[in-house]
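Heads up: the sequence lines are chains A and B, in that order.
When the first sequence is numbered by my numbering, its final residue is 478 and no position is left out of the sequence of numbers.
When the second sequence is numbered by my numbering, its final residue is 487 and no position is left out of the sequence of numbers.
No lab work stands behind these hints: they were computed from the structure.
Treat the numbers as computed from the prediction; the structure is a model and nothing was measured.
Virtual Cβ for every residue (Gly too), placed ideally from N, Cα, C.
Errors might be hidden in some of the hints.
Claimed, not checked - Heads up, simulated DMTMM-like pairs for lysine to aspartate or glutamate below, C-alpha to C-alpha not over 20 Å straight-line:
id, chain 1, residue 1, chain 2, residue 2
1, A, K354, B, D272
2, B, K304, B, D272
3, B, K28, A, E231
4, A, K375, B, E100
Claimed, not checked - Covered by chain B, according to a simulated footprint, are these stretches of chain A (three or more residues, beta-carbon under 8 Å):
id, segment
5, 14 to 25
6, 87 to 99
7, 158 to 164
8, 187 to 198
9, 321 to 327
10, 358 to 366
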Amino acid sequence: MQIPAGFYQVKKDIESHKYSLRDIMNEYLSRIESNKDLNAFTCVFEDVTSRADEVNEKILNGSSGKLAGLICSVKDVISIKGKPLTCSSGILSDFKALYSATAVERLENEDAIIIGKVNCDEFAMGSSNENSFHGPVLNPIDKTRVPGGSSGGSAVSVAADLCMISLGSETGGSIRQPASYCGITGLKVSYGRISRFGLTAFASSFDSIGVFGKEISDIASVLEVIAGYDENDSTSSEIPVDRYCSILEEDINTETFTIGIVDEYFSEGLNPEIKAGLNSLIEKLRAAGVKIKSVSLPYSKYVIQTYYILTSAEASSNLARYDGVRYGLREVNSTNLEEMYVNTRSEGFGTEVKRRIMLGTYVLSSGYYDAYYRKAQKVRRLIKSDFDRVFHEVDYILSPTTPTTAFKLKEKIDDPLSMYLNDIYTASINLAGIPAISIPAGYDSNGLPYGVQVIGKKFDESGLFKMHKLISNTINSN
Amino acid sequence: MNNSSKYEPVIGLEIHAQMLTNSKAFCKCSTDFNSPANSNVCPVCLGHPGVLPVLNEELVNFILKMGIATNCHIRERSIFARKNYFYPDLSKGYQISQFETPICYNGKVNIRINGTAKTIGITRIHMEEDAGKSIHDFSDNDTLIDFNRCGVPLIEIVSEPDINSTTEALQYLQDIRQILIYLGINDGNMEEGSLRCDANVSIRPTGTTELGTRTEIKNLNSFKNVVDAIEAEINRQSKILDAGNKVNYHTMNYNAKEKTTTPMRTKEEAHDYRYFPEPDLVYVVVNEQQIERIKNELPELHDKKIQRYISDYGLPVYDAEVISADKSIADFFDKVVSSLKKPETKLIKQASNWIMTEVLRILNENKINIDELKILPPSLATLVEIIDSGQINHNAGKEVFNELYKSGGTKAPVDIINERNLSQLSDSSEIETIVQKILSESQAEVERFKEGETKLRGFFVGKVMKESKGKANPKIVNEILLKKLSE
Numbered sequence: 001m002q003i004p005a006g007f008y009q010v011k012k013d014i015e016s017h018k019y020s021l022r023d024i025m026n027e028y029l030s031r032i033e034s035n036k037d038l039n040a041f042t043c044v045f046e047d048v049t050s051r052a053d054e055v056n057e058k059i060l061n062g063s064s065g066k067l068a069g070l071i072c073s074v075k076d077v078i079s080i081k082g083k084p085l086t087c088s089s090g091i092l093s094d095f096k097a098l099y100s101a102t103a104v105e106r107l108e109n110e111d112a113i114i115i116g117k118v119n120c121d122e123f124a125m126g127s128s129n130e131n132s133f134h135g136p137v138l139n140p141i142d143k144t145r146v147p148g149g150s151s152g153g154s155a156v157s158v159a160a161d162l163c164m165i166s167l168g169s170e171t172g173g174s175i176r177q178p179a180s181y182c183g184i185t186g187l188k189v190s191y192g193r194i195s196r197f198g199l200t201a202f203a204s205s206f207d208s209i210g211v212f213g214k215e216i217s218d219i220a221s222v223l224e225v226i227a228g229y230d231e232n233d234s235t236s237s238e239i240p241v242d243r244y245c246s247i248l249e250e251d252i253n254t255e256t257f258t259i260g261i262v263d264e265y266f267s268e269g270l271n272p273e274i275k276a277g278l279n280s281l282i283e284k285l286r287a288a289g290v291k292i293k294s295v296s297l298p299y300s301k302y303v304i305q306t307y308y309i310l311t312s313a314e315a316s317s318n319l320a321r322y323d324g325v326r327y328g329l330r331e332v333n334s335t336n337l338e339e340m341y342v343n344t345r346s347e348g349f350g351t352e353v354k355r356r357i358m359l360g361t362y363v364l365s366s367g368y369y370d371a372y373y374r375k376a377q378k379v380r381r382l383i384k385s386d387f388d389r390v391f392h393e394v395d396y397i398l399s400p401t402t403p404t405t406a407f408k409l410k411e412k413i414d415d416p417l418s419m420y421l422n423d424i425y426t427a428s429i430n431l432a433g434i435p436a437i438s439i440p441a442g443y444d445s446n447g448l449p450y451g452v453q454v455i456g457k458k459f460d461e462s463g464l465f466k467m468h469k470l471i472s473n474t475i476n477s478n
Numbered sequence: 001m002n003n004s005s006k007y008e009p010v011i012g013l014e015i016h017a018q019m020l021t022n023s024k025a026f027c028k029c030s031t032d033f034n035s036p037a038n039s040n041v042c043p044v045c046l047g048h049p050g051v052l053p054v055l056n057e058e059l060v061n062f063i064l065k066m067g068i069a070t071n072c073h074i075r076e077r078s079i080f081a082r083k084n085y086f087y088p089d090l091s092k093g094y095q096i097s098q099f100e101t102p103i104c105y106n107g108k109v110n111i112r113i114n115g116t117a118k119t120i121g122i123t124r125i126h127m128e129e130d131a132g133k134s135i136h137d138f139s140d141n142d143t144l145i146d147f148n149r150c151g152v153p154l155i156e157i158v159s160e161p162d163i164n165s166t167t168e169a170l171q172y173l174q175d176i177r178q179i180l181i182y183l184g185i186n187d188g189n190m191e192e193g194s195l196r197c198d199a200n201v202s203i204r205p206t207g208t209t210e211l212g213t214r215t216e217i218k219n220l221n222s223f224k225n226v227v228d229a230i231e232a233e234i235n236r237q238s239k240i241l242d243a244g245n246k247v248n249y250h251t252m253n254y255n256a257k258e259k260t261t262t263p264m265r266t267k268e269e270a271h272d273y274r275y276f277p278e279p280d281l282v283y284v285v286v287n288e289q290q291i292e293r294i295k296n297e298l299p300e301l302h303d304k305k306i307q308r309y310i311s312d313y314g315l316p317v318y319d320a321e322v323i324s325a326d327k328s329i330a331d332f333f334d335k336v337v338s339s340l341k342k343p344e345t346k347l348i349k350q351a352s353n354w355i356m357t358e359v360l361r362i363l364n365e366n367k368i369n370i371d372e373l374k375i376l377p378p379s380l381a382t383l384v385e386i387i388d389s390g391q392i393n394h395n396a397g398k399e400v401f402n403e404l405y406k407s408g409g410t411k412a413p414v415d416i417i418n419e420r421n422l423s424q425l426s427d428s429s430e431i432e433t434i435v436q437k438i439l440s441e442s443q444a445e446v447e448r449f450k451e452g453e454t455k456l457r458g459f460f461v462g463k464v465m466k467e468s469k470g471k472a473n474p475k476i477v478n479e480i481l482l483k484k485l486s487e
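In isolation and in its complexed conformation, chain A is listed as follows:
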């Protein structure tokens, strides 16, 4: 069965009795079953067909919510009441959530159906989705390659058409990088735009929930629903949520804005094919009348160090609660409290998580705090002010999403530094708390996709939707 692009078309088809939402659901369920080798889903919910019937009924009697007809997956670091929440970790392998994340609640209130939870790197730490208790996720475009991470399962569930959209999460590029590697769109919103309540914390001052999709209108519809202030998250913003869907319908006057190109991002380390592809895109935009300006982010050379110091510090504290006392794994063959802690955490956590806990504990230790944590906080402010300055000159910044296309499974797993460099164009955005989107931009000579990243001013998600429309049209006008 063919499923039309865009959930709104599905809803219309149901209204005109072409098929039912159960048909759509069954189609997705059979695709998930036949694509099990991708290892995208960690669990598929049992009640989805009956839920499809309920929503179908609502669509037919005209009482359905804004997202009726939408079927989505949710990264397994986001809480859904009564469902497993493993965070791809052995320490939570049997854990079920007691409550739903605000974003999930808002989706469900508008009749979106969550089909299941999807795989990711353990506690969202990783860039290849190989750090998972559930095993690695494969890239559907080339199964010998990684899908990117940490939201690899989210990206693959959308890229392989196993659902329409997916909720993922970002701390330093975990949505944009897998979106780029899998050839779909991934949106990372401004810090505070979507409530973090129910998103398992990795690095609290960086984390944000975001959306994967193939259809930008689906992403816009979802964001309108899940964005906005939440009394359960003190860091969520009270700035009103824009009407993103209507922005997609507006015409774009290419002469009204300026796009900045970051000199530092097009230098060494960038795959030449991606560089050429993006340069050609820039030329087309210029030809279409867009003002292009070269800008500089001098502190970008400190992004990776700053990012890993600060996120690891926060992670070391955020992951302290997994101690075997109240829930999750407990190593019972321990003779005293300390042994129970050590055995539980040694057994439950994977290598990358342990590495970051140790790094984070170190940088917060007395005697090292000033040299690492405090200094990194200062650099973070400088990186933010870099962006503030540039956004006085330009409206958007265009850059590669990743330095390369998807790499081979196991290629970098033993080389954490080279793995961390995957975040070089994305992590600065989380340091600055601003929004960015990865838009499919082309393929390399191996047929592997890559994305172009557009970065916006804080809370200018609307601008990113506009840029998505412009860039997609420009690329497709070939």
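With chain A's structure known, arrange chain B on it following the hints.
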């Protein structure tokens, strides 16, 4: 030369006070102490994945009251920090506290020792959350944890090392407790742990100014323990210095049975809390209007009350201190005074006497608090006035008071006086008849009196009072007796 004068102790106290907010510091769970174990809990205070703290605004108002009452500077923007350590009753693996920027700082309180005032500086007052309770004695093999207390708001009041004796330490602690109770933000109950104290103690040769190495005694849960533990620690340190050795920094445990302080195991005290700013909470912002509003709402505090009782009511210092030692008693006293038709100093003093003796006696004997005493302040005021007018004497007054208590406040003093026929005998001719009768029955004593044994006057008064069944006005009895005896 003994240790107490050879060395001068330098003491600072850290007082943890549980706040009487309705809900916990960062979630909506109740703070009720009497609930069954683990019933006041939710995913937030249990530290489940993905939860976020949301600050209880009531806690900010409470700590501002304390900060203003102790003359602190108030920080316009303060932040929370995480204090990281592993313990089973600490659900998140960190305690949300304030570290580098406490909301209140640089305050002071004035204490009085034997009538002499002394200022104790307040370094800081900050907000934090309590941990749960580990229960070790329920079973041999398991420790059980009750998370009801986990997340209950605390404030920590840190003093400057301005305290130089256990007497001062005790007075300071009592005064802080009074302020907390007067503000209605803490119940002052040390035994149940809602008020706890750590003491930092060092000593130095008397007359020197350089601070010695301090030690920190943890978890002192009664006034007595605070005094005894500091005393024990001063002695321990004195012996070390006497032997020519150096005091080392330690966290100390206090053994109340043996009255000794001992260093904790090195492992227990070797904490590196890895404080860093709590990223899940935003700045606590306090503005001028909020501070003004709280200032205006602040109740009259203990020390102000004492001053007022002395200067406005003319009470002796002793009365003023006893009456104001308990806010509910002081409130009762204030109501009695305001019920007096003419608030004259002698009547106010009488009211104070009644409260310090009869009221406190009834409260102690019946183990009740003053709200449960059914005697209404206007009734006590009336009683004081009736006695003052001479209508009844003091002994009859006691009878009226007891009946007021027994009747549960249903009777008025006048009713009781009439019912029991307690009105004083003030009719001079009737009293004169009685006096005449007694004197004629006691010829021998009259002779002795006339020969100079004047202390026998009491004997005659007693006899007259007995004869009148206690109702004769003692003033008139005395007058008539003197007249008759000098005839």
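For each hint, the structure was consulted:
For the hint linking K354(A) to D272(B), the alpha-carbon distance of about 19 Å falls within 20 Å, and the restraint holds. The suggested pairing of K304(B) with D272(B) is violated, with an alpha-carbon distance near 42 Å, which exceeds 20 Å. This hinted pair checks out: K28(B) and E231(A) have alpha carbons roughly 12 Å apart, not beyond 20 Å. In summary, the hint linking K375(A) to E100(B) is supported, as the alpha carbons are separated by about 16 Å, within the 20 Å threshold.
For a cut-off of 8 Å, the count of residues in the segment 14 to 25 of chain A with a CB near a CB of chain B stands at 0, and the three-residue condition is violated. For the segment 87 to 99 of chain A, the stated coverage by chain B is satisfied: 6 residues place a CB nearer than 8 Å to a CB of that chain, which reaches the threshold of 3. Counting residues of the segment 158 to 164 of chain A whose beta carbon lies closer than 8 Å to any beta carbon of chain B gives 0, which falls below the threshold of three, so the coverage claim is violated. Residue count for the segment 187 to 198 of chain A with a Cβ under 8 Å from a Cβ of chain B: 3. That meets the three needed, and the coverage hint holds.
Restraint check on the segment 321 to 327 of chain A versus chain B: 5 residues with Cβ-Cβ distances below 8 Å, three needed, restraint holds. Restraint check on the segment 358 to 366 of chain A versus chain B: 4 residues with Cβ-Cβ distances below 8 Å, three needed, restraint holds.
Consistency note: the structure conflicts with the earlier hints numbered 2, 5, 7.
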